[in-house]
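**Student:** Just so you know, the sequences run in chain order H and F. First residue of the first sequence: 91, per this note's numbering; consecutive thereafter. First residue of the second sequence: 91, per this note's numbering; consecutive thereafter.
Any given hint could turn out to be false.
Remember, identical chains collapse to one label, so a pair may be satisfied in a single copy or spanning two.
Said to hold, decoys possible - In silico BS3-like cross-links for lysine-lysine, where the CA-CA straight-line distance does not exceed 25 Å:
1. K413 <-> K117
2. K544 <-> K143
3. K93 <-> K340
4. K491 <-> K544
Hints listed in this document are in silico derivations from the structure and should not be mistaken for laboratory results.
2 protein chains.
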Amino acid sequence: MSKIPYRFYLTEEQMPKQWYNLRADMKEQPDPMLNPATFKPITEEELYPIFCKELAHQEMDSTTQFIDIPEEILEMYRIYRPSPLIRAYNLEKELGTPAKIYYKFEGNNTSGSHKLNSAIAQAYYAKKQGLKGLTTETGAGQWGTALSEACAYFKIPLTVFMVKCSYNQKPYRKAVMQTFDANVVASPSDTTNVGRKILAENPETTGSLGCAISEAVEKATTTEGYRYVLGSVLNQVLLHQSIIGLESEKAMEILGEYPDIVIGCAGGGSNLGGLIAPFMRDKILGKNNTRFIAVEPASCPSLTRGKYAYDFCDTGRVTPMAKMYTLGCGFIPSANHAGGLRYHGMSPVLSKLYHDGYMEAVSYEQTKVFEAATLFARVETILPAPESSHAIRCAIDEALKCKETGEQKTILFGLTGTGYFDMAAYSSYHEKTMQDYIPTDEELQKAFDKLPIK
Amino acid sequence: MSKIPYRFYLTEEQMPKQWYNLRADMKEQPDPMLNPATFKPITEEELYPIFCKELAHQEMDSTTQFIDIPEEILEMYRIYRPSPLIRAYNLEKELGTPAKIYYKFEGNNTSGSHKLNSAIAQAYYAKKQGLKGLTTETGAGQWGTALSEACAYFKIPLTVFMVKCSYNQKPYRKAVMQTFDANVVASPSDTTNVGRKILAENPETTGSLGCAISEAVEKATTTEGYRYVLGSVLNQVLLHQSIIGLESEKAMEILGEYPDIVIGCAGGGSNLGGLIAPFMRDKILGKNNTRFIAVEPASCPSLTRGKYAYDFCDTGRVTPMAKMYTLGCGFIPSANHAGGLRYHGMSPVLSKLYHDGYMEAVSYEQTKVFEAATLFARVETILPAPESSHAIRCAIDEALKCKETGEQKTILFGLTGTGYFDMAAYSSYHEKTMQDYIPTDEELQKAFDKLPIK
Numbered sequence: 091m092s093k094i095p096y097r098f099y100l101t102e103e104q105m106p107k108q109w110y111n112l113r114a115d116m117k118e119q120p121d122p123m124l125n126p127a128t129f130k131p132i133t134e135e136e137l138y139p140i141f142c143k144e145l146a147h148q149e150m151d152s153t154t155q156f157i158d159i160p161e162e163i164l165e166m167y168r169i170y171r172p173s174p175l176i177r178a179y180n181l182e183k184e185l186g187t188p189a190k191i192y193y194k195f196e197g198n199n200t201s202g203s204h205k206l207n208s209a210i211a212q213a214y215y216a217k218k219q220g221l222k223g224l225t226t227e228t229g230a231g232q233w234g235t236a237l238s239e240a241c242a243y244f245k246i247p248l249t250v251f252m253v254k255c256s257y258n259q260k261p262y263r264k265a266v267m268q269t270f271d272a273n274v275v276a277s278p279s280d281t282t283n284v285g286r287k288i289l290a291e292n293p294e295t296t297g298s299l300g301c302a303i304s305e306a307v308e309k310a311t312t313t314e315g316y317r318y319v320l321g322s323v324l325n326q327v328l329l330h331q332s333i334i335g336l337e338s339e340k341a342m343e344i345l346g347e348y349p350d351i352v353i354g355c356a357g358g359g360s361n362l363g364g365l366i367a368p369f370m371r372d373k374i375l376g377k378n379n380t381r382f383i384a385v386e387p388a389s390c391p392s393l394t395r396g397k398y399a400y401d402f403c404d405t406g407r408v409t410p411m412a413k414m415y416t417l418g419c420g421f422i423p424s425a426n427h428a429g430g431l432r433y434h435g436m437s438p439v440l441s442k443l444y445h446d447g448y449m450e451a452v453s454y455e456q457t458k459v460f461e462a463a464t465l466f467a468r469v470e471t472i473l474p475a476p477e478s479s480h481a482i483r484c485a486i487d488e489a490l491k492c493k494e495t496g497e498q499k500t501i502l503f504g505l506t507g508t509g510y511f512d513m514a515a516y517s518s519y520h521e522k523t524m525q526d527y528i529p530t531d532e533e534l535q536k537a538f539d540k541l542p543i544k
Numbered sequence: 091m092s093k094i095p096y097r098f099y100l101t102e103e104q105m106p107k108q109w110y111n112l113r114a115d116m117k118e119q120p121d122p123m124l125n126p127a128t129f130k131p132i133t134e135e136e137l138y139p140i141f142c143k144e145l146a147h148q149e150m151d152s153t154t155q156f157i158d159i160p161e162e163i164l165e166m167y168r169i170y171r172p173s174p175l176i177r178a179y180n181l182e183k184e185l186g187t188p189a190k191i192y193y194k195f196e197g198n199n200t201s202g203s204h205k206l207n208s209a210i211a212q213a214y215y216a217k218k219q220g221l222k223g224l225t226t227e228t229g230a231g232q233w234g235t236a237l238s239e240a241c242a243y244f245k246i247p248l249t250v251f252m253v254k255c256s257y258n259q260k261p262y263r264k265a266v267m268q269t270f271d272a273n274v275v276a277s278p279s280d281t282t283n284v285g286r287k288i289l290a291e292n293p294e295t296t297g298s299l300g301c302a303i304s305e306a307v308e309k310a311t312t313t314e315g316y317r318y319v320l321g322s323v324l325n326q327v328l329l330h331q332s333i334i335g336l337e338s339e340k341a342m343e344i345l346g347e348y349p350d351i352v353i354g355c356a357g358g359g360s361n362l363g364g365l366i367a368p369f370m371r372d373k374i375l376g377k378n379n380t381r382f383i384a385v386e387p388a389s390c391p392s393l394t395r396g397k398y399a400y401d402f403c404d405t406g407r408v409t410p411m412a413k414m415y416t417l418g419c420g421f422i423p424s425a426n427h428a429g430g431l432r433y434h435g436m437s438p439v440l441s442k443l444y445h446d447g448y449m450e451a452v453s454y455e456q457t458k459v460f461e462a463a464t465l466f467a468r469v470e471t472i473l474p475a476p477e478s479s480h481a482i483r484c485a486i487d488e489a490l491k492c493k494e495t496g497e498q499k500t501i502l503f504g505l506t507g508t509g510y511f512d513m514a515a516y517s518s519y520h521e522k523t524m525q526d527y528i529p530t531d532e533e534l535q536k537a538f539d540k541l542p543i544k
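Chain H on its own, in the form it takes in the complex (with noise of 0.2 Å):
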């Protein structure tokens, strides 16, 4: 190829059909989640009330290194799939880097984001299960947008848990989720006995990913036919979102292109751990010496200030314990966070490669996020969602950093989705009214008290 293409699509013929799991080459798993009330390795058996079967195995699996995608799931990836793999000429040339500057756009479809990739297979193997309803969580609406898709598509009823001060800054993404059919609650709500408990003691609070979870589990377990499921942290989620990392990895194939660096935002993990996948793999092999790099916002800073240590993955703690860099399950981010990326706790894969010296991860101040996201706007013609512009805002500095050096180093970054529906904040950014925010260490260690086991 004489020139690389500023956009490089697949073929549908060359689209992975399979999905990636890399537990399957990690040289030693992540820690077993522990049933709460034995403290005792959770079994695939004791996951089934919570999650439909299928999901319940894929959970635990840890040997399957390739798992087919069904043909169903397929057919809906091909609608949207594959996602551009970009060459970001432009922002390089702005930056003046000698840099090669690629990043792998999952914004194309209507939930706005790589989420989808997850939603459509939770969805369609609790169709093919027979269930009668899901409920799930959303922040910043991501997920519960592309579930609700998802759900339209295989035709299940859908509730939708929507952390609170996300349902009263977004109306829209609300409205997303009702075209879907969706049914949208604003959490903590009175419709369960977790969310009744939380506002019992704080009246005025906006709500946290953790809180919303605990409601959407008690509901999913208290209704018949129904079942939970979670958009980010699980492993299944990992293993869907493998495909953003197989595409680019395909496409950089043949574009005779390998990274030095891979960059992506974690909240939960699911962007990044899929986009990493198959270059870990290389690397946990021996044949990279690749840097992977998870940003995160500093005011919810999960892996650059949190603990390794077993933590429920929701604020009610009801779910399952997690072994996971946590804020603890009651941390709940400032209100002046925008955007997503404010799950207290990270991935137990991400989280063990994180701890073992895998992979490296960096905090930025939302302002700096900003200022990164109106950068690459102008120049790449993509508005970007605040949580992908973390990655964005790391990719210039380490662009910056090639800049001073001479090398020319080749930088892969996840752009996970678009912000449409976050123009309320860079409103913010643009009259300077948006506001940093960082956690005092008395702030985590009050949160870091409540963990579940010393």
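Keeping the supplied structure of chain H fixed, place chain F upon it in accordance with the hints.
**Tutor:** Using the frame of chain H, we list chain F on its own:
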């Protein structure tokens, strides 16, 4: 090719390097624009105070068949183009139609629509001429967003007069334009003579595209080094938008397809004129028997209920006059009309083709349009703009006719953009508060009575 893929992308090498000027192949030319002072055909030089020179030239050039796209514009096109040609397998299945439905999706850029194709060209030529700034108007906001994006890229100051009802209904659209450094003014405003006059006559007016054009033209012609740019209607815009049709033609050729029916929404005609261009050439040359259908809102029915007459392009009656299908430049669509497609006239090129029988036109009430939009979103994973959804409605109806007759027609329609900023309208549809509006004959006659030439 064994099976047509869901999404087909041309490679960079296959992308068109020239625009196509349909006028060069038309058997009869549209009537010339008239100077409103002399009522004589306007000259290229007389356009220089309004448009930059190269664009004035393109506006008048009815003989050059293909025009090279400057490399600087191709550079920018490559960032977000080619746009995919999508086979609507899911929609076909949902409808149970034997028809093959294709759509060209132009929403994959921050402006969320095809408007960027011309915005880039217009900003580039202005920059090349060394202009100090540009003015324009925007209705639903797509054009203003696209031009803001293009002007930020080429670093030219921009003032956007935004139709007041959109300005109030769509604060986030405004915020996107501001992200790209545009100065956004609600129209009618007190910053121009024509705006002040309109406000004095009707202080409660929610504005119109024609009125915003008047203000933008006045501002451009009274500010040193400024020019005016327009996102639709003009010959130059149709020229730039021919990229849509040329890519579609090339992609269909590779796929072994040719459309029996080409459908596009029509406000001022920019998308439709660009989409049909190469296929219409074939029709003019007697090489096909393809049907071309312009789809417009019943609330602003310029082709289906307008007069073919000379009219001003703006409400303030300061622009040259064009022979076109028009509702009268004083016509303002009902405030309950959602989205764009609210211009009183129609591209002179398209008007001529319609008048000469090369093209058909239909109109739909907006609840029927949102019904189609919602169905489409659920099966095709793209949330369409209300404008684009007019074309969807018509494509669905044509596909259903095929279901009745059993004909396997090939339908191509333009999906001009996404509806992320139109959720208020979607909500009103879902909550069944959306109203339809069809102007009465008396209302139309009142506007016709004010046409400048009887």
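**Student:** Now, for every hint given, state plainly whether the structure supports it.
**Tutor:** Results for each hint:
Taking the shortest Cα distances, K413 and K117 sit within 25 Å of each other inside one copy (17 Å), while across copies they are farther apart (74 Å). For the identical chains of this complex, K544 and K143 are neighbours neither inside a copy (32 Å) nor across copies (74 Å), given an alpha-carbon limit of 25 Å. In this homomeric assembly, K93 and K340 come within 25 Å of each other (Cα to Cα) both inside a single copy, at 17 Å, and across copies, at 22 Å. For the identical chains of this complex, K491 and K544 are neighbours neither inside a copy (40 Å) nor across copies (69 Å), given an alpha-carbon limit of 25 Å.
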